[in-house]
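Heads up: the protein sequence lines correspond to chains A and B, in order.
Under the working numbering, the residues of the first sequence are numbered 1 to 115, in order.
Under the working numbering, the residues of the second sequence are numbered 1 to 628, in order.
Be careful, since some hints might not be right.
Said to hold, decoys possible - Computed beta-carbon distance windows for the label pairs:
#1 A:A91 / B:V501: 45 to 53 angstroms
#2 B:E358 / A:G92: 51 to 59 angstroms
#3 A:R78 / B:P235: 54 to 62 angstroms
#4 B:L576 / A:P45: 29 to 37 angstroms
#5 B:G148 / A:V40: 29 to 37 angstroms
#6 B:D422 / A:T79: 21 to 29 angstroms
#7 A:A91 / B:G130: 32 to 40 angstroms
#8 A:G92 / B:G148: 17 to 25 angstroms
#9 B:A156 / A:G92: 46 to 54 angstroms
#10 B:H508 / A:G92: 20 to 28 angstroms
Source of the hints: derived by calculation from the structure; they are not laboratory data.
All figures in this text were calculated on a predicted structure; none of them were measured in a lab.
Backbone N, C-alpha and C define an ideal beta-carbon position, used for all residues, glycine too.
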Amino acid sequence: MSDPGPRPAVRVHRHPAAPAPVLRQVRAGVEEEGVPSDVVDVPGPAGATALAAAAAADSPLGVGIGLAADGAAAVQHRTLPGDRPVTTAPAGAGPTEWRRIGRVAARVVKRLPLG
Amino acid sequence: MGAPDPGRPPGRLVVGVDIGNSTTEACLAAVAPDGTVAYLATDLTRTTGVKGTPDNTAGALTAVRGALARSGRDAGEVEAVLLNEATPVISGLAMETITETIITESTMIGHNPATPGGEGLGVGTTVPIGALPGQPPGAPVVCVVPPGADFEDVAAAVNAAVAAGVDVVAAVLAGDDAVLVTNRLHRPVPVVDEVAAVERVPLGMLAAVEVAAPGRTIRTLSNSYGLATVFGLDPAQTRQVSPVARALTGNRSAVVVRTPTGDVTDRRIPVGELVLHGAGRTLRVDVDAGAEAIMDAVARVQPLDDADGEPGTHVGGMLAQVRDTMADVMDVAGQPGVPVSEIAIRDVLAVDTFVPAEVRGGLAGEVALENAVALAAMVRTSRSRMQLVADRVSEQLGAAARIGGVEGEMAVGGALTTPGVDRPVAVLDLGGGSTDAALLTRDGECTAVHVAGAGELVTKLIGSELALEDREVAEGVKRFPLATVESFFHLRHEDGTVQFVDQPLPPHVFARVVVLTAEGPAPVPTRHALHHVRRVRRDAKRRVFVVNALRALRQVAPGGNLRALDFVVLLGGSALDFEIPDLVADALAPYGVVCGTGNVLGTEGPRTAVAAGLVRAHAAHLVECPAG
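Please build the complete structure, drawing on both the sequences and the hints.
Spelled out as structure tokens, the structure:
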């Protein structure tokens, strides 16, 4: 985990219980697109969508990822309504989906088609 | 026919009905005994069945009843229904590649993943990642990584090998991990990923991997002499690999593997000869000579009597297919079938185009744009079945129904109701399958021609050149302006105008090139930028409609001279297109012609010209022979 500083990065809000492989693949997805990411542990009952919305509000790039305790994930952009994330992945989705979550977040930053 | 109500235009009611390929249009009017016409209402509906067949009856009745309802008149008041003489003009389309890139023995991976890693050129022997530890130090190797490998393991293996003295100069990956691996290498090398068939990369062979810096394109592997330098090729071998270099041009990354038996051929497929009969002679032209040569030949045999291709060639097959489709279309239950031999092709439009074709022998689903020729062919037969339609309409409506004049003449008559138009006038009816032109001289003489190629061909060209798999998407690109979605809340139109929206745009259109349909933005599935899509769209319209407008007008213009024309009125569905009328008007501007989209009756736009013309001709006829 890197220092949560002011550098432009996709902000990841992760419940401490979120499975480590999820975080690893999500961050790999962001990195493969050449975009930095920062991770903040956020304990509490919030779901992936709410975590992503808070992360987006905190991110210098306006893009956040939420990882819930059950491994569910969501991507959110600061301008979007809180209940309408860019994309989500259910709990137990698998490495390909987790990688996609990271890629989508990075591609929102880069203004590239999310495919 | 009851007495006319007070306050209503005097005269007998007549309805002109134009059954077209896609729409059926009706124009209701009251014709006074002195020939004065009061237009009451028009209506438009989808054509039922194929134009010129009895199935058209339902659509014709719908349009007639629609026009009656709009004017509050009753079917019993109608004295005559006037139908167009629907000359069955049926057009067919065929497209065939004339070049083919074949790669045998996996010589090339013309691969261009979204996110390659590292940069530069690495040349070495291909080695599977598992065999890295056993490699002799100093000999350059290109590491080949199978699917499912973890990026940290790959980076660790390469770092360990490099530490042991193995000269790893590049890597080829199955997964989407190039940046991740490169970021973890102590000595970064160019890495190409997303090579789906990585197991087919030949091992133990000399390979070159090139990755350009972001925003740049490769320089060595896209250059024939660069390939020759890298692989030590002699001039004959260099000639052989030059198609590889060409196929890699514009890529950000590429892999080329040199295999001893490797061979790339870039061959021209003998498409065959097109045989054109007309003007008392027969001309033969090789289809792979290109559209220009074909159209020159077509111009020299005007008027064309028939066209065919040698059996067993692509062009023979293309024309046979067109003829068969037409024979099927003209088949009507209860009527003798139309022998294929009776169907004469009366016009051909050839267009050079590109067809995306998967490179045979490629490793990552590479696609090359192969040269192709598209042919639109058009048939006219004398077997109009409009009398059957007329009989059935008459029966169901309880009014006389008769077949009125030739479409071209009627269209000109209708076009004359456009404000600002006078004789001599030429019309261009820009349709779906054919482009029709007609000229009415000052003396009232009318000539009309049909040429092959119209809206359908434009859709097909757009679809193949942009590799769009769905015809509806291509149709959307043709019909609607483009925009790029730049954020969840704004999009930039093709003219640069930026528009903000209240509701967030859906993620599936984010950062995409979209067409602006009535239902909202729809994504165009392409990696091309907006300006490329726009250029393809406009070029397709130009190659079909501008080319056809000029050659159709030349066929009706006095002495073939476009300067002899005064007014040109654009009609038909494609005249409603947002740019086709401008493209045609621009092309006609140098000839001093007044050209614009028609506005039939001053209200109907480019539609209903034939229906209004039928009424007009009927009224004129009444005056000439009052007994009628």
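Measuring from beta carbon to beta carbon, are A91 of chain A and G130 of chain B in 32 to 40 angstroms? Since the Cβ atoms of A91 of chain A and G130 of chain B sit about 35 angstroms apart, the hinted range of 32 to 40 angstroms holds.
Practice item. Given the hint of 17 to 25 angstroms, check if G92 of chain A and G148 of chain B actually sit that far apart at their C-beta atoms. Key: Cβ of G92 of chain A to Cβ of G148 of chain B: about 20 angstroms, so the range 17 to 25 angstroms holds.
Using the C-beta atoms of G148 of chain B and V40 of chain A, is the stated range 29 to 37 angstroms upheld? 31 angstroms, holds
A range of 46 to 54 angstroms was offered for this pair. Does it hold for the Cβ distance of A156 of chain B and G92 of chain A? 28 angstroms, violated
Please test the hint of 51 to 59 angstroms on the beta carbon pair from E358 of chain B and G92 of chain A. At 36 angstroms between Cβs, range violated.
Please check whether R78 of chain A and P235 of chain B have a Cβ separation lying inside 54 to 62 angstroms.
The hinted range 54 to 62 angstroms holds for R78 of chain A and P235 of chain B, with Cβ atoms some 60 angstroms apart.
Between D422 of chain B and T79 of chain A, does the C-beta distance stay in 21 to 29 angstroms?
Violated - the Cβ-Cβ distance for D422 of chain B and T79 of chain A, about 57 angstroms, lies outside 21 to 29 angstroms.
That 29 to 37 angstroms hint for L576 of chain B and P45 of chain A (C-beta), does it hold up? 57 angstroms, violated
*Per the hint of 45 to 53 angstroms, is the separation of the Cβ atoms of A91 of chain A and V501 of chain B within bounds?*
33 angstroms, violated
Evaluate the given range 20 to 28 angstroms for the C-beta pair formed by H508 of chain B and G92 of chain A. Given about 24 angstroms between the Cβ atoms, the range holds.
Violation of the numbered hints given earlier is confined to hints 1, 2, 4, 6, 9; the remaining hints are satisfied by the structure.
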